[in-house]
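Using the sequences and the accompanying hints, generate a full structural model.
First to last, the protein sequences are chains A and B.
Each residue of the first sequence is one higher than the one before, counting from 1 in this note's numbering.
Each residue of the second sequence is one higher than the one before, counting from 294 in this note's numbering.
Since the hints were derived computationally from the structure, they do not count as laboratory data.
Some clues are possibly wrong.
[Unchecked claim] With a cut-off of at most 27 Å between alpha-carbon atoms, the simulated BS3-like pairs for lysine-lysine come out as follows: (1) A/Lys139 - B/Lys510; (2) A/Lys6 - B/Lys379; (3) B/Lys510 - A/Lys216.
[Said to hold, decoys possible] Restraint-style ranges between C-beta atoms, simulated for each label pair: (4) B/Gly334 - A/Glu258: 22 to 30 Å; (5) B/Glu488 - A/Asn252: 55 to 63 Å; (6) B/Lys380 - A/Arg134: 45 to 53 Å; (7) A/Pro223 - B/Glu488: 49 to 57 Å; (8) A/Leu208 - B/Glu351: 30 to 38 Å; (9) B/Lys380 - A/Pro223: 35 to 43 Å; (10) B/Asp887 - A/Glu258: 50 to 58 Å; (11) B/Arg728 - A/Arg134: 51 to 59 Å; (12) A/Lys216 - B/Asp715: 45 to 53 Å; (13) B/Lys380 - A/Leu208: 16 to 24 Å; (14) A/Lys254 - B/Lys379: 27 to 35 Å; (15) A/Asn24 - B/Ala856: 36 to 44 Å.
Cβ coordinates follow ideal geometry from the N, Cα and C atoms, glycine included.
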Amino acid sequence: MTHLEKLESQSVYILREAYANFKNLVMLWSIGKDSTVLLWLARKAFFGHVPFPLVHIDTSFKIPEMIQYRDRLALEWKLNMVYGRNDEALEEKRTFPAGQLTRVECCKTLKTDALVNTLSGKWPRWRMDHVTGRYVLDKNTEPYTGVIVGARADEEGSRSKERYFSPRNKESSWDVGDQPPELWNQFKTDFAPGTHIRVHPLLDWTELNIWEYIEKENIPVVPLYFDQGRGERYRSLGCYPCTFPVKSTAKNVKEIIEELKTGKFRNIAERAGRAQDAEDGGGLETLRREGYM
Amino acid sequence: MGTREQQEKEKMAIVIVGHVDHGKSTLIGRLLVDTGSLPQGKLEQVKEECRRNAKPFEYAFLLDALKDERQQGITIDTARIFFKSKKRDYIIIDAPGHIEFLKNMVSGAARAEAALLVIDAEEGIQENSKRHGYLLSMLGIRQVAVCVNKMDLVGYRKQVFEGIEKSYRVFLNEIGLKPLAFIPLSAREGENLTESSENLPWYKGPSVLSMLDLFEKSPGIEHKPLRMPVQAVYKFTENEDTRRIIAGRVESGSLSVGDKVVFLPSNKHSVVKTIEVFNAPQPKKASAGWSTGVTLTEQIYVNRGEIMCKAGEVLPKVSSLLRTEIFWMGKTPMMLDRLYKLKIAATQVPVRLKTLERVIDASDLKKVNKKEIGRHDVAKCVLQAASPIAFDLTVDLESTGRFVIVDGYDIAGGGIIQEAIDDGQVGIRKQVAERELKWDFSVVEPAARSDRYGHLPAFVLLTGPIGMDKKGIAKELEKRLFESGAKTYFLGMGNLLRGLNADVETHRLERHEQVRRMGEVAHLFMDAGLIVVATGTHLNNAELAKLLEVTSRERVLIVNVGAGHLKKGVADLQLDPKTPVSKNVDRVLQFLRDRKIFSEESSREP
Chain A
1 MTHLEKLESQ
11 SVYILREAYA
21 NFKNLVMLWS
31 IGKDSTVLLW
41 LARKAFFGHV
51 PFPLVHIDTS
61 FKIPEMIQYR
71 DRLALEWKLN
81 MVYGRNDEAL
91 EEKRTFPAGQ
101 LTRVECCKTL
111 KTDALVNTLS
121 GKWPRWRMDH
131 VTGRYVLDKN
141 TEPYTGVIVG
151 ARADEEGSRS
161 KERYFSPRNK
171 ESSWDVGDQP
181 PELWNQFKTD
191 FAPGTHIRVH
201 PLLDWTELNI
211 WEYIEKENIP
221 VVPLYFDQGR
231 GERYRSLGCY
241 PCTFPVKSTA
251 KNVKEIIEEL
261 KTGKFRNIAE
271 RAGRAQDAED
281 GGGLETLRRE
291 GYM
Chain B
294 MGTREQQEKE
304 KMAIVIVGHV
314 DHGKSTLIGR
324 LLVDTGSLPQ
334 GKLEQVKEEC
344 RRNAKPFEYA
354 FLLDALKDER
364 QQGITIDTAR
374 IFFKSKKRDY
384 IIIDAPGHIE
394 FLKNMVSGAA
404 RAEAALLVID
414 AEEGIQENSK
424 RHGYLLSMLG
434 IRQVAVCVNK
444 MDLVGYRKQV
454 FEGIEKSYRV
464 FLNEIGLKPL
474 AFIPLSAREG
484 ENLTESSENL
494 PWYKGPSVLS
504 MLDLFEKSPG
514 IEHKPLRMPV
524 QAVYKFTENE
534 DTRRIIAGRV
544 ESGSLSVGDK
554 VVFLPSNKHS
564 VVKTIEVFNA
574 PQPKKASAGW
584 STGVTLTEQI
594 YVNRGEIMCK
604 AGEVLPKVSS
614 LLRTEIFWMG
624 KTPMMLDRLY
634 KLKIAATQVP
644 VRLKTLERVI
654 DASDLKKVNK
664 KEIGRHDVAK
674 CVLQAASPIA
684 FDLTVDLEST
694 GRFVIVDGYD
704 IAGGGIIQEA
714 IDDGQVGIRK
724 QVAERELKWD
734 FSVVEPAARS
744 DRYGHLPAFV
754 LLTGPIGMDK
764 KGIAKELEKR
774 LFESGAKTYF
784 LGMGNLLRGL
794 NADVETHRLE
804 RHEQVRRMGE
814 VAHLFMDAGL
824 IVVATGTHLN
834 NAELAKLLEV
844 TSRERVLIVN
854 VGAGHLKKGV
864 ADLQLDPKTP
874 VSKNVDRVLQ
884 FLRDRKIFSE
894 ESSREP
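Next up, the structure:
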């Protein structure tokens, strides 16, 4: 087996374990390359089906191509697509673009708060109606207690701090110092009431692996990742006021792989184009502890 | 596929373990420098920082510097600390030396293919030198080299090295671990790390790096017997998908279309019809390592947790009694007669510690006189599972031969299986295996039958002391099920006694045979798709175990009425005889609904 084949097999195994062990399981889909690979792996694991809802947190500041791409794939792949949004903050203009919050505060408000309350079912969830192609208010307000996330160890800190199956308490917070043991492909699948679980099938993947897999499987990705002739492309996708492209002439997946292999970005963080990281002291740990994905 | 594999440089995950401060980080830092694996300018940058802060440079700082970077998300290659030799790429897994982080050490080391065990030449063998050695052996890491570090501090003296080698070999011997080499070195001075050292003229063995290159990738397990633990049976009906896919990962061996397969412990047989895959041409074969899925020619009921094996190959063992060796990480000790959960491959079962043969302090191999397994202890013990499981001995096949123990909500222990102990059901299991092997399948598939009837087949068995009106409850249950549209039948024990069992003596010695026959009749009725209801007075644990074997324990619900004399976990439901019959029947019905065997709505449909 090649390294990619091994990574795929392990991720599929993890996805199936998650599905076998948890009710009210969802997958977060940020529309970015990692969670799109994750979505593809789910279709691998379940033989073309995706047997759980995909949740997207819409900040209303996403680059418009991302939303178009989301809805196109949702229709084409018959996905159970759900999105949540912090409408109150948006109405009150409590955001960074409106000048009321710092970038990190804005992330917390539009992403973390929206995520936590969408998962718990406290805030409205909008579900795609596949007949009309429009979103309707979802009647199901049951809390989602298992969340599959596309986090990778190489973008977010030491592997020994994170597990494939990682418990979070009621407040979604994460006890970094006391992680459950994980060995021989046995994961933590028993939980006290009120806790929930994050599942990380992509923990062992690198940025290069992701692109190599996208090439191998011919997975559609948002064109924003490619240079459209201006000599720049996005390496990581987010909200347009806080996401900046990198200098690159890579016009397709093959060229991105070549670019990564040259070591051009060796000393530049993948998320360097995400301005909120810099504000958070260079790490995501503060945000992550509070439930950011 | 083959060419791609050949092009790709081999990767090996290694773990570096040892007592705290024996030089693990220095060893890693120095390896990174001497193999030219650091990002450009990193070494100079760290040295410069040390100079500015007026502290002596140490190679261990390089590791911290890399970790800082990683925190910031920089560099793809060093994310998990890579270094390269000419032969392959190495991934170093974090494994903290401090005892408090033992579960992190275990989580890390369990993923490694080989290990370096570091011992300080000056300090000698310490507590965690031994404990880590023991855990490596239990974790199944066979490729281990012992690095006797800091030789510069003992004047590179041969006697010191040999003293450590001698006593550590004795220890490793006792736990059955055979190190491939003992290597004297000084990580700080770079002696004997990547090339042989002039300060160690008396040492003729490999340097650390050449030793690593001598480690071998574990030989292919695709030539061992097939083991595919069933993760799930999928029947996704969207988009008119009619496939019923048995999904799992091939842990060893291989399977091909047309293979005769047997599922254990249920003994169900079938033949592989297709190998299913998404977004790729359908393969004819799947080997060890692949997460896959198959459809079968016969639509037998298979459950998550069973192991798919190939008929004609060596099959796993089946028993509810296992002799094991366990290491414990739980905050509270593992105690006799408490219920735990055992998880092995894709199955889980309630389990208790039956006998504690020996508790060992892993840091000195001394037997400790304990009635429980404390944190960081290792123990040889017998486990009693609530129902039989299929498994292998760890020495034969690792992936189906080792397990974890869950205490409450947490994984608290890990263990390896050393022996399958006869749990008294070997004879009946053999008979059932024969029956299933020769089973003549109806062309009406079980799934078609249960679709038509609107419920799954089941066997509800009420037991308990005499005079509890078990029969009253059973007959009322049959009536209520019938009225809800279910295909159901009350199987009277007395009717068997004077009919099918007329040739069997009624005294106690023959009770087992009567139980077996009741089980066989219930099994046939379930095959016909019915919900069978029966009663049996004072059935004991052994009789129930036999009954479960005969009926393949699928959807058999044991209901105890009145005083309980059964072992914990045997009865699925406990009823109070003082509760009105109709209330008790309600509870059984609710139980059937919860188990998704039956629901009023689907049974009423024509």
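Cross-check of the supplied hints:
1. For the hint linking lysine 139 of chain A to lysine 510 of chain B, the alpha-carbon distance of about 53 Å lies beyond 27 Å, and the restraint is violated.
2. A hinted pair counts as satisfied when its Cα atoms are at most 27 Å apart, and lysine 6 of chain A with lysine 379 of chain B qualifies at roughly 23 Å.
3. Taking the CA atoms of lysine 510 of chain B and lysine 216 of chain A, the gap is about 26 Å. The hint holds against a cut of 27 Å.
4. At about 24 Å, the CB distance of glycine 334 of chain B to glutamate 258 of chain A agrees with the hint of 22 to 30 Å.
5. Glutamate 488 of chain B and asparagine 252 of chain A have their C-beta atoms about 44 Å apart, which leaves the hinted 55 to 63 Å range violated.
6. For the pair lysine 380 of chain B and arginine 134 of chain A, the beta carbons lie near 58 Å from each other, so the given range of 45 to 53 Å is not met.
7. A beta carbon spacing of about 51 Å between proline 223 of chain A and glutamate 488 of chain B agrees with the range 49 to 57 Å that was offered as a hint.
8. For leucine 208 of chain A and glutamate 351 of chain B, the hinted distance range of 30 to 38 Å is satisfied, since their beta carbons lie about 31 Å from each other.
9. About 41 Å separates the C-beta atoms of lysine 380 of chain B and proline 223 of chain A, a value consistent with the hinted range of 35 to 43 Å.
10. Distance hint check: the CB atoms of aspartate 887 of chain B and glutamate 258 of chain A are about 56 Å apart, consistent with the given range 50 to 58 Å.
11. At roughly 57 Å, the beta carbons of arginine 728 of chain B and arginine 134 of chain A sit within the given window of 51 to 59 Å.
12. Taking the beta carbon of each, lysine 216 of chain A and aspartate 715 of chain B are about 50 Å apart, inside 45 to 53 Å as hinted.
13. Taking 16 to 24 Å as the suggested C-beta distance range, the pair lysine 380 of chain B and leucine 208 of chain A conforms, at roughly 21 Å.
14. In this structure, lysine 254 of chain A and lysine 379 of chain B meet the distance hint of 27 to 35 Å, their C-beta atoms being roughly 28 Å apart.
15. One distance hint, 36 to 44 Å for the beta-carbon pair asparagine 24 of chain A and alanine 856 of chain B, holds here, with the actual separation near 39 Å.
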